[in-house]
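> Hints in hand, dock the two standalone chains.
Protein chains in written order, with the working numbering: chain A, 18 to 491; chain B, 233 to 313.
The set of hints was computed from the structure by calculation and includes no laboratory data.
No false leads were slipped in.
Calculated pairs, DSSO-like style, for lysine-lysine (alpha carbon to alpha carbon, straight line, at most 30 Å):
hint	chain 1	residue 1	chain 2	residue 2
1	B	278	A	371
2	A	247	B	278
3	B	278	A	227
4	A	222	B	278
5	A	473	B	278
6	A	256	B	234
7	A	325	B	278
8	B	266	A	325
9	A	256	B	278
10	A	227	B	234
11	A	165	A	143
12	B	234	A	325
13	B	261	A	481
14	A	284	A	301
15	A	221	B	278
16	B	234	A	322
17	A	256	A	468
18	B	278	A	322
19	B	278	A	481
20	A	322	B	266
21	B	261	A	408
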Amino acid sequence: MRKFDTKVQHLKYKVLREVARLAWNDTLLQNILDIPKTIVHGDTPTMRCCIYKERAILSERVKIAMGGRDDNKNIIEVIEIACDECPMGGYEVTNACRGCLAHRCEDVCRFGAIKFDHNHVAHIDKTKCKECGACSKVCPYTAIINRKRPCENACKIKAIHMNENKAAAIDNHKCIACGACVYQCPFGAITDKSFILDVIDIIKKSNNNKNYKVYAVVAPSISSQFTYAKLGQVITGLKELGFYTVIEAALGADMVADAESRELAEKGFLTSSCCPAFVNYIEKNFPDLVPFISHNLSPMATIAKYIKEHNDPCKIVFIGPCTAKKAEVQKKEVRPYVDAAMTFEELQALFDSKDLDITTLGESVLDNASYFGRIFARCGGLADAVKQGLKEHGDTDFELNACSCDGIEACKVALLKKSKGISNVNFIEGMACNGGCIGGAGCLTHGEKNKAEVDKYGMEAYEKTITDAISVLK
Amino acid sequence: MKITVCIGSSCHIKGSRQVVEQLQNLIQKNNLDKEVELAGTFCMGKCQEGVCITVNDDFYSVTPDTIESFFTKNVLTKVKA
Numbered sequence: 018m019r020k021f022d023t024k025v026q027h028l029k030y031k032v033l034r035e036v037a038r039l040a041w042n043d044t045l046l047q048n049i050l051d052i053p054k055t056i057v058h059g060d061t062p063t064m065r066c067c068i069y070k071e072r073a074i075l076s077e078r079v080k081i082a083m084g085g086r087d088d089n090k091n092i093i094e095v096i097e098i099a100c101d102e103c104p105m106g107g108y109e110v111t112n113a114c115r116g117c118l119a120h121r122c123e124d125v126c127r128f129g130a131i132k133f134d135h136n137h138v139a140h141i142d143k144t145k146c147k148e149c150g151a152c153s154k155v156c157p158y159t160a161i162i163n164r165k166r167p168c169e170n171a172c173k174i175k176a177i178h179m180n181e182n183k184a185a186a187i188d189n190h191k192c193i194a195c196g197a198c199v200y201q202c203p204f205g206a207i208t209d210k211s212f213i214l215d216v217i218d219i220i221k222k223s224n225n226n227k228n229y230k231v232y233a234v235v236a237p238s239i240s241s242q243f244t245y246a247k248l249g250q251v252i253t254g255l256k257e258l259g260f261y262t263v264i265e266a267a268l269g270a271d272m273v274a275d276a277e278s279r280e281l282a283e284k285g286f287l288t289s290s291c292c293p294a295f296v297n298y299i300e301k302n303f304p305d306l307v308p309f310i311s312h313n314l315s316p317m318a319t320i321a322k323y324i325k326e327h328n329d330p331c332k333i334v335f336i337g338p339c340t341a342k343k344a345e346v347q348k349k350e351v352r353p354y355v356d357a358a359m360t361f362e363e364l365q366a367l368f369d370s371k372d373l374d375i376t377t378l379g380e381s382v383l384d385n386a387s388y389f390g391r392i393f394a395r396c397g398g399l400a401d402a403v404k405q406g407l408k409e410h411g412d413t414d415f416e417l418n419a420c421s422c423d424g425i426e427a428c429k430v431a432l433l434k435k436s437k438g439i440s441n442v443n444f445i446e447g448m449a450c451n452g453g454c455i456g457g458a459g460c461l462t463h464g465e466k467n468k469a470e471v472d473k474y475g476m477e478a479y480e481k482t483i484t485d486a487i488s489v490l491k
Numbered sequence: 233m234k235i236t237v238c239i240g241s242s243c244h245i246k247g248s249r250q251v252v253e254q255l256q257n258l259i260q261k262n263n264l265d266k267e268v269e270l271a272g273t274f275c276m277g278k279c280q281e282g283v284c285i286t287v288n289d290d291f292y293s294v295t296p297d298t299i300e301s302f303f304t305k306n307v308l309t310k311v312k313a
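Next comes chain B alone, as it looks inside the complex (with noise of 0.2 Å):
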């Protein structure tokens, strides 16, 4: 699975940054480090819909609020089915 997050300005200035951190703190704590590979993008064009990231190509929009329980939701369950 590839979750990629947008580190372009505008989600910059929402939050990407804790959005990532967040995330590399739940890979680890869910010790899905070769599952799960997180990258990062400049732009994803919708910068309305920050913070944007996509999973396995499918867009979301996130907060550093919602990332957590989105983690929970999408990856977890995904990687686990």
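This is chain A alone, in the form it adopts within the complex (with noise of 0.2 Å):
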């Protein structure tokens, strides 16, 4: 039984669930400052230089879990004593270099940045290199190593520096928050702000959803989480947290690739809306692509319209494996609709602070949508589905020329070629997140049948057919 991929993720989890444990009591606010010292006691330091340190992080997290600064519009947020201050030296060549004859480094470089020294040995002269890393390919021995941060590293998009501090700091006007850094940072220092005190707050002033009816929207993703325990006990665990029923967002991917495709027949190219760092990636990177992003709101937000719509009066609150899903849940045209949002680390915290071992519980059902609607949680899902869709529709002269970008690397190459007009592809499916959604930073684990379960998931639909699925809510 394995909770969580990495310790940090284990950390991050235990400040949120003493923050929501002390909210159900109503006594966050007396003991708020008590949080550090719960999670670090006794003197022996086990993280950092010392506990004082240790203790000064967590009371960052706690601000984090409460929902962060609000001066900082961006859900991702560096805590800054919490970063170490990673060495990012860029390549370098290690102590592996053993002075060989053939010098392939020196040979390849075509800065003259290779130098050596009277035993051979190479050195990178930095006023040169250019950090194109062709010397590192070429060593036999790969004695040239990137020296990189691993946040740097995993922002794709290239919204991470270093500050005056040489800590890691995150511009927001590049940043699109997929959460990418959250997940690698192996000190635990770039972390999402935590909205889970706004969700406590819905659940209890709905007086067991007799004020209002508070809805769980949960992602395909959970498929691929709680492994420990069975998807149908996580649903029951969900309703003695105290919401009133559980409905999956994949509904509203049904109707998502219904209304795609119709709107892809008639465009002739499109781009998805469903992951909001890709949308949020064209807005700030190609805003010539903008009018050919789907019209249509994301799954979350199609399928809580609907319930807003239907159900009134009601409190949304979607869960998922994403950090932007916070951020989207933000925008106007999004925040009618969806109340708050979670990951499922958060969930599973929420579920530890009142003590809920969900492995115990019975299992309820969970079954709203169909194949096509499940299978948006994995890259190339969507594509397939509006394939179905164009097929359900007839809409048989229209050729789909689908391009599934697995990550925002594959979605910025997608993008930059469509931009320039050099490629013929008619729906570019965007996922910033490697796999799609199961790579989400929000999830608790990644694992590599991740795919296969979101797969078997979706075969174990009731509805086969898109048609099918959305035909109940006309």
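As structure tokens, then:
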């Protein structure tokens, strides 16, 4: 039974759990300053130089668990004192260099940056080096390595740099809140703001769903999460937490697939609009392609809109793998429909804040969507669904030539080609995370079997076609 | 008259889509488009009794097999009355 991939996630979870525990009891304000001590007790440091630094960092984590700084609009925030100021020298020759005779590194370097000492050992002249990495590739001893900070390495859109204190800093004009750095930082110094207090408040004020109903909308990637329990037990757990009922965001995905395939046939070229980080990336970097972003709301917002319009009064909480969704729910088009967004990590913390062992619960059913809505969770699923949508509408004249982009780098390539007019694809499915949503930063675990889990869950859907799944909604 | 069918997970598995489709057909067949409004909702809190439906806030439990006779008995008579 493994709940998290890394100890950093576990630490973050402990803070969220303690904050939530106090919030349920209405004792957060009195005890807030004691949370770091509850987590780091005793006097022997286990993570940093001393317990005082550990506790100081934990205090920062508590703030972020409570919504973070108001003056920073970005969902992703750096905890500066937690940043270990990792070395970032770029390409360096290590002592694995044997001082060979071939000097492939010198030959391949187009900038004359490789020099040798009297032992033939290579050195890189940093004033000439352009960090192209060619030398590293040709060295038979792999003696040349690239020292890059894990956060910078994770951020493929280059939104992270070093500030004057050598700590990581995020350029909010570039950042798309995908959370890649959050998951990759080995010190947990970059983290996503949490809105679990809003969720707890919504549940409490509903007075057992009497004042209004609280709906949980869950992302299809949930099928690859909480693997230590059954999905049906997770659903029961959500109801135990105080949600009125649980609805698949995948039903929203079915609605999107239906609408998007019509829109595509009409306009001839579209990009998907499901992944908020991808949409944000287009808006920030390819303004000329903005008119081609599908006009549909994301599956989350689409199903939330439907629920809100048919079940007033109600509140809707989205639960998924995604940090960028927390930013999406703040957009003015989405805000009226989704009241809060949280991650699977945070859901685990909420379960444990109430000492709910979901493995002991009975199983509830979760079945609203079709196979196609469910496979949105993995890369390629959206394009498959749109293809199916075209088929179900009888749009056989329209030949789909989709490009499913796995990760933001692939998105960048596809968008660049399209904006330069050297691409004949007519549908770009963009997923900022590698593998699609199952690679999201808010997942508890990231495993190789996750894609298979999503497909299996898709196959188990009661409805086999998009038309059938959405027919109940009309 | 307003008929609301539960389309939550549990009722969905028990055939709420078939219930909705049959109701749509029955409403059309009897030309009751103006008189009867059909709506969906997620969960009525009585999952054991699904497929759950309400007719003007009165609760009933139906199945795809019983919906037609239910419609004749509880909808047609009331609308015509």
